[in-house]
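**Student:** Start from chain A and add chain B according to the hints.
Sequence lines, in order, name chains A and B.
Residues 364 to 563 in the numbering used here are what the first sequence spells out, letter by letter.
Residues 18 to 819 in the numbering used here are what the second sequence spells out, letter by letter.
Heads up, none of these hints are tricks.
Below, simulated BS3-like cross-link-like pairs (lysine-lysine); rule was C-alpha separation at most 25 Å, straight line: (1) B:371 to B:331; (2) B:87 to A:416; (3) B:334 to A:555; (4) B:371 to B:410; (5) B:613 to B:653; (6) B:28 to A:416; (7) B:87 to A:563; (8) B:47 to A:563; (9) B:84 to B:47; (10) B:73 to B:87; (11) B:342 to B:410; (12) B:40 to B:84; (13) B:631 to B:653; (14) A:555 to B:335; (15) A:416 to B:73; (16) B:28 to B:40; (17) B:195 to B:310.
FRET-style restraints, in silico, Cβ to Cβ: (18) B:35 to A:379: 23 to 29 Å; (19) A:482 to B:35: 29 to 35 Å; (20) B:39 to A:514: 28 to 34 Å; (21) B:545 to A:379: 46 to 52 Å; (22) A:435 to B:39: 43 to 49 Å; (23) B:546 to A:482: 44 to 50 Å; (24) B:480 to A:379: 46 to 52 Å; (25) B:142 to A:482: 40 to 46 Å; (26) B:364 to A:558: 46 to 52 Å; (27) B:475 to A:558: 50 to 56 Å.
Sample of chain A residues with no beta-carbon within 10 Å of chain B, all distances over it, derived: (28) 381; (29) 447; (30) 451; (31) 453; (32) 505; (33) 558.
For the record, the hints were derived by calculation from the structure and aren't laboratory data.
Every residue, glycine too, gets a C-beta built ideally from N, C-alpha and C.
Given next are the chains, with one letter for each unit.
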Amino acid sequence: MVRCFLIHTVCPVGALGSGESRVLYSRVFGPDEGVWTDQDRELSPQERRLLQKEKTTAVARQVRSAVSLSREASGRMLVETVPGEEALALQEADGGVVRLRAGDPFSEEMSALWLGVQSLGFTLVCEPHENLLLAEGTLRNLTRHCLETLHMLGQGSEVLLRSNRVDALLSRLLPHGQLLFLNHRFAQSLEKEVASYLAK
Amino acid sequence: MYAHSSESLIKQAREIQESELQKFQSRLGKLLHGRELGHEAVDSLQRLHLILSATKYTRTLPPELHKRVKALLSSPAEQFQVLGSAVLRETLPPAGQEVNYNQENFLPLNSHAAALLLSQAGSRADLSSLCAQLLRSLESRQPEGPANSLMHTLPILNAVLTHSPECLTEDHVTLLSKRLVDWLRYASITQGGGAPSGGFFTGPRSRQPIPTAELDGTVSGDFFTVLCVGQGFTEDQWMNVYSFSMLRHWLLTYHSVSNGNNAADTDDRSEVDGSVVSMVSATSSSSRLLPPKERLREKAFQYCQRLIEQSDRKAHKKADTDLQKACLVEAVCILDCVCGEDASLVYRTFPCIKALFGRLSSDLSFARVLLPIAQFYLNHGEMAAVDCECVWKLVFGRFPAELFNNQFLAHELLRFLRLNLESLQLRVPQYSHSFPNLLKFLAWDSPAVVDDFVDLLPSLVTAGTAVELLHTLLDLPCLSATLVLQVRSTCLPISEPGGRGLLSLDAFRSQSLRGLFLFLLRGEAGSGDTIDRLSTLHELLAETADWPRVVQCAQTVPVLLHIFFNTVVAVADEKLLAHLVQVMLERSSLLLNVPKYKNEIYRVFSCHLLRLCKLHPSLVVDESHELLEFAGATAKVYSKEEIYTHVVWVLGEYLSVSCDSRCSVSLITSCFETLEAVLFEITSSAPPPGADCPVPRVVTSLMSALAKLASRSHDLIPRVSLFLSKLRTVTRGGSVAWCSDEEDLVAIVTRGEELWSLLKAPGVAQSVLTPPPLVTTPQWHRDTNVAMPLRLRALTNLTHAQ
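Extracted from the complex, chain A is given alone in its bound form (with noise of 0.2 Å):
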């Protein structure tokens, strides 16, 4: 099951310290963990929200910092894209996988799987024996459709005034954090069903 997806940024924010990242988009799957681990038992509702925020800045921090020590190593330029040019801007993405340790932030080990689009990172946490192969898929397909629907490429920042979509499309690919194993005629089906919300 994938635990969270994470839309975030992954360059300089100026209000923020270096190496930290500003989340954009965040949606957890499931129950809270608080619900079953011992030592969150004693947390009240607002404590275990707060600690849930934290977790996911936690883990954006996490990423940022991965994807920083990757470009550099590979040494590649960035290449700006503008509207238009989505599946390039998929294409040129570096992506890679961090392994969260048990208690950093949750309380089992997960795996990050991180896409970076230029300045944005979209990040699925999943559970480490969960299909990688499909994950990666499933992130590429995502973040090709949250890049197309919300105009990622441009200015604006529709990514947080219509979060609506994003929700809408993940209960469609991702429903409550399940991966699906989607041929190119399921897939368009849903695409279908995601296309006439959007539409409206």
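**Tutor:** Chain B alone, transformed into the frame defined by chain A:
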């Protein structure tokens, strides 16, 4: 891409004034009160969501508004369901409006409302109730009901299973097992509803049922799977996809060997469960020979075999080819799981797995599929008496050597190693010799995999390979540079236009120097600890020392060295440790010149030299020749003062008869003379051109070491005393060429005076500077004089009533 406007939006959302927020909320409440909800409502809800989610501190909504938003969950327009769910997930219900999970008011439950319930469940009991409700709706659903209402059931259940498998009672599990069997094995094999392919058919009656097709276009001849396509899909075909997507997790949760008796949670049993069970058993056919769990296992087995066969077909679309690979991974993992549960399946499965391996092993693009196959071999190969040699050759040979730059493969392969360490060490004899290959992952992408190597390295430290491993670790930055060169060599043309050729790249390609690089690129340990012409190699790679990959790799080496040394003391005998000390001394002048790298390595060496000598003091006598050679080189005082200080210290501390009976007077004297010569040299003249003054600690260490040695061989005392008094005289005259700081000089002289006065009483000097082990490792309870009071005190404490 990320604009200033986004930052200011977030700022606004966080800093919104209370009064403004209240105005906004009441306006929204009024909007939601209206009949027709339009764009303004959508925008306002979206803004409300941003306000709530922009801060990590929870804001609650006014109760009226909360109620209105909650009502959106059952709105006919999906957009409002989505927004309602999103908003409510970012806040908490006001007092009195908390969801009561035990009430039966959830039906009909759409996906977005379910998401909210799932995220706000506060306890296992809540989740159990939710599951019970979902299953009830699954069973009691009308056949003509909306198709979508079923689909999210399985993902939600899967989400709950992740941590609370006991939220489903045994009856639930049985029920679902049966449904899963139906969906997986008996989904319809004709293309589903939806728009007919041709425009001429007007009604359902005139439409011929078209069978589903395989990915290469041929007609499906067998039951429906995720790799079958059609123009449209029926509901049970959708459920086939959802069922398979959660199948592995289901099997792992409920079918693992240790999970035999899944004790029903008696607290969560509701009266409805009994009736559900009886309904199922009443309608079930009696042709079932196996209980539900075993039947599901059998059907899973068949499904996976079919997938493996279907994956051999040539799909028309790339997305489908990728899916085939993912399906292969999943199928092999599920087969691994069911074989673990029922060993008799191993004999039926192995031929299929073996054939798959044969098909894929030569194609590196299937590397990630071959890893689950390797896991299968590891788990069941012994039982089936199958030779796994070819598998290990791939996993430890070709994969690291040729796919070191595939991040995902690296992650999965290293995870495979971590999870199966014990088995691998037992069953794969070449495991401990495979580190030159495995370390290629680290050399290429250190930040991503260093964590894995922290876990794996201890298993690679064996007595037979320790020396070679140490050399390999020290040369990891060189390996990193070589891998970069190897990749560049295949990508770039032979001669770069413009003439900005890399010296290192030319060297890499040249016939005469190739051997040096080939040693680094070797796949297995055992052909030699290191090469003679290491310094040549370092020179050739000098220009690579600022390449980011090399620098990142160099930063991870100290950590790994610490782990190496901590592990090696457990497996090495004294002879090996002595050899390692030798290697440390040799390599201290043979390191790639990456900035800060050398100093970090010296620090590690110093720390472990100390530790090793403390554990085995006789090492100092064993390696006295090498240590003295090191200590006698004055140049090292200036270039390697950290490690030099420690070498001097161990010589002073452990070169004594009490540590090793082989320590002769002549050895002490020759050591003394070596150190004395160095001390004379550095305190009699200015440092050589280009070097800084010697660090004061070096001078004081030398002095202390000389004093210690002298205290063991009293004829040397006059020589030391003479030097120390001369030092005092010289420094009284003011500044000296070899020490620039006045305070440091004072400290040195003070130490000199202390030692001088100590040596005036040789017997005292000996017991202070060479204390007997009794003093350094006190065991007061064994001392006849001290023990009695301790015992009495202990007994008194025990017998007195507290």
